[in-house]
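Just so you know, the protein sequences line up as chains E and H, in that order. Residues in the first sequence are numbered consecutively from 1, following my numbering. Residues in the second sequence are numbered consecutively from 1, following my numbering.
Careful, some of the hints might be misleading.
[As the list claims (entries may be wrong)] Only some residues are given here: those of chain H computed to face chain E with a beta carbon under 8 Å:
| id | residue |
| --- | --- |
| 1 | L43 |
| 2 | F55 |
| 3 | G58 |
| 4 | G109 |
[Unchecked claim] Result set (BS3-like, lysine-lysine): computed pairs, CA atoms no more than 30 Å apart in a straight line:
| id | chain 1 | residue 1 | chain 2 | residue 2 |
| --- | --- | --- | --- | --- |
| 5 | E | K106 | H | K83 |
| 6 | H | K83 | H | K57 |
| 7 | E | K58 | H | K14 |
| 8 | E | K106 | H | K14 |
| 9 | E | K58 | E | K106 |
| 10 | H | K70 | H | K9 |
| 11 | H | K83 | H | K14 |
| 12 | E | K106 | H | K57 |
| 13 | E | K49 | E | K69 |
| 14 | H | K71 | H | K57 |
| 15 | E | K49 | H | K57 |
| 16 | H | K14 | H | K57 |
| 17 | E | K49 | H | K9 |
| 18 | H | K71 | H | K9 |
| 19 | H | K70 | H | K57 |
| 20 | E | K49 | H | K14 |
| 21 | E | K106 | E | K49 |
| 22 | H | K9 | H | K57 |
[Unchecked claim] Listed next, with one range per pair, are the computed distances between beta-carbon atoms:
| id | chain 1 | residue 1 | chain 2 | residue 2 | range |
| --- | --- | --- | --- | --- | --- |
| 23 | E | E64 | H | R111 | 30 to 40 Å |
| 24 | H | T77 | E | S26 | 31 to 41 Å |
| 25 | H | S73 | E | R77 | 15 to 25 Å |
| 26 | H | S73 | E | G62 | 31 to 41 Å |
Derived from the structure by calculation, the hints contain no laboratory data. Even glycine gets a Cβ: it sits at the ideal position worked out from N, Cα and C.
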Amino acid sequence: AQSVTQLDSQVPVFEEAPVELRCNYSSSVSVYLFWYVQYPNQGLQLLLKYLSGSTLVKGINGFEAEFNKSQTSFHLRKPSVHISDTAEYFCAVSRVSGNTPLVFGKGTRLSVIA
Amino acid sequence: DGGITQSPKYLFRKEGQNVTLSCEQNLNHDAMYWYRQDPGQGLRLIYYSQIVNDFQKGDIAEGYSVSREKKESFPLTVTSAQKNPTAFYLCASIPPARSNTGELFFGEGSRLTVL
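With these hints in hand, go ahead and build the complete structure from the sequences.
The structure is reproduced here in structure tokens:
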């Protein structure tokens, strides 16, 4: 079975500063990896995904993530955050060719301070 | 516009009452899912259905029931057997072209509060 650990439950950061949200996963097989964002009282929307190929993945709103197989990590980064990036971020994993439901981490609440 | 519609957005119920949350999609997706979200606990899978008239239990199915009589609809009933039903419930689906990756598209959620 797969599992996901998001290492920080809350991350405060000043506006225009860089941010990194950490995600580690555990799996005995190859995986697909995802980052989702959730604004208050809304559903989740996909930020970016790693399926195969280049380990550096670019997503919406200026976010990017790097897949590191040796460290089983998929950290999310943004070089300069805005107030509007304040939200909860979820890392998720699924098994390659497994047709299995996504497994989510517990989330990281990003608070951008003016 | 195509999408996933959840209703109601907010719902209050008294202890001991069953309540049904609606999830409808017009995206022609085969697979549909229900997740429960609690603060600090992420999303936990309740039930999922990959085709009509078939569904599987997720990690926390106890106290919940579902049906999948139509491709477009996947209602979730929260029964009186669910001991702590106050939560945010999210419905999601997967387009056929992405079914092997598990990538989900989400509705806007329904917040259930038990008084």
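A quick look at each hint next to the structure:
1. Residue-level restraint check for H/L43 holds (minimum Cβ-Cβ distance to chain E is 4 Å; threshold 8 Å).
2. Restraint check, H/F55 versus chain E: the minimum CB separation of about 12 Å is more than 8 Å; hint violated.
3. Interface restraint check: H/G58 against chain E, minimum CB-CB distance 7 Å, threshold 8 Å, status holds.
4. Hint on H/G109 holds. Least Cβ distance to chain E is approximately 5 Å, under the 8 Å limit.
5. Among the hinted pairs, E/K106 with H/K83 is consistent with the structure: their alpha-carbon atoms are about 21 Å apart, no more than 30 Å.
6. A threshold of 30 Å between alpha carbons decides the hint, and for H/K83 with H/K57 the separation of about 18 Å falls inside it, so the pair holds.
7. The suggested pairing of E/K58 with H/K14 is violated, with an alpha-carbon distance near 46 Å, which exceeds 30 Å.
8. A threshold of 30 Å between alpha carbons decides the hint, and for E/K106 with H/K14 the separation of about 29 Å falls inside it, so the pair holds.
9. Taking the CA atoms of E/K58 and E/K106, the gap is near 22 Å; set against the 30 Å cutoff, the hint holds.
10. With a C-alpha separation of about 22 Å, the suggested pairing of H/K70 with H/K9 holds against the 30 Å cut-off.
11. Of the pairs offered as hints, the one joining H/K83 and H/K14 holds, with about 12 Å between alpha carbons and a cut-off of 30 Å not exceeded.
12. Straight-line distance between C-alpha atoms of E/K106 and H/K57 comes to about 21 Å, which keeps the hinted pair within the 30 Å bound.
13. Straight-line distance between C-alpha atoms of E/K49 and E/K69 comes to about 15 Å, which keeps the hinted pair within the 30 Å bound.
14. Proximity of H/K71 to H/K57 is assessed by CA-CA distance (about 18 Å); at most 30 Å being required, the pair is judged to hold.
15. With a CA separation close to 26 Å, the supplied pair E/K49 and H/K57 stays within the 30 Å bound.
16. Simply put, H/K14 and H/K57 have alpha-carbon atoms about 26 Å apart, close enough for the 30 Å limit, and the pair holds.
17. Among the hinted pairs, E/K49 with H/K9 is consistent with the structure: their alpha-carbon atoms are about 28 Å apart, no more than 30 Å.
18. The straight-line distance between the Cα atoms of H/K71 and H/K9 is roughly 22 Å, inside the 30 Å bound, and the hint therefore holds.
19. A hinted pair counts as satisfied when its Cα atoms are at most 30 Å apart, and H/K70 with H/K57 qualifies at roughly 18 Å.
20. Proximity of E/K49 to H/K14 is assessed by CA-CA distance (about 41 Å); at most 30 Å being required, the pair is judged violated.
21. About 18 Å separates the Cα atoms of E/K106 and E/K49, which keeps this hinted pair within 30 Å; it holds.
22. With a C-alpha separation of about 24 Å, the suggested pairing of H/K9 with H/K57 holds against the 30 Å cut-off.
23. About 32 Å separates the C-beta atoms of E/E64 and H/R111, a value consistent with the hinted range of 30 to 40 Å.
24. Our hint of 31 to 41 Å for H/T77 and E/S26 holds, since their Cβ atoms are close to 33 Å apart.
25. Look at H/S73 against E/R77: about 39 Å separates their beta carbons, and that is not inside 15 to 25 Å.
26. Between H/S73 and E/G62, the C-beta spacing of about 37 Å keeps the proposed range 31 to 41 Å intact.
In terms of the numbered hints stated before, the structure departs from hints 2, 7, 20, 25, listed from lowest to highest.
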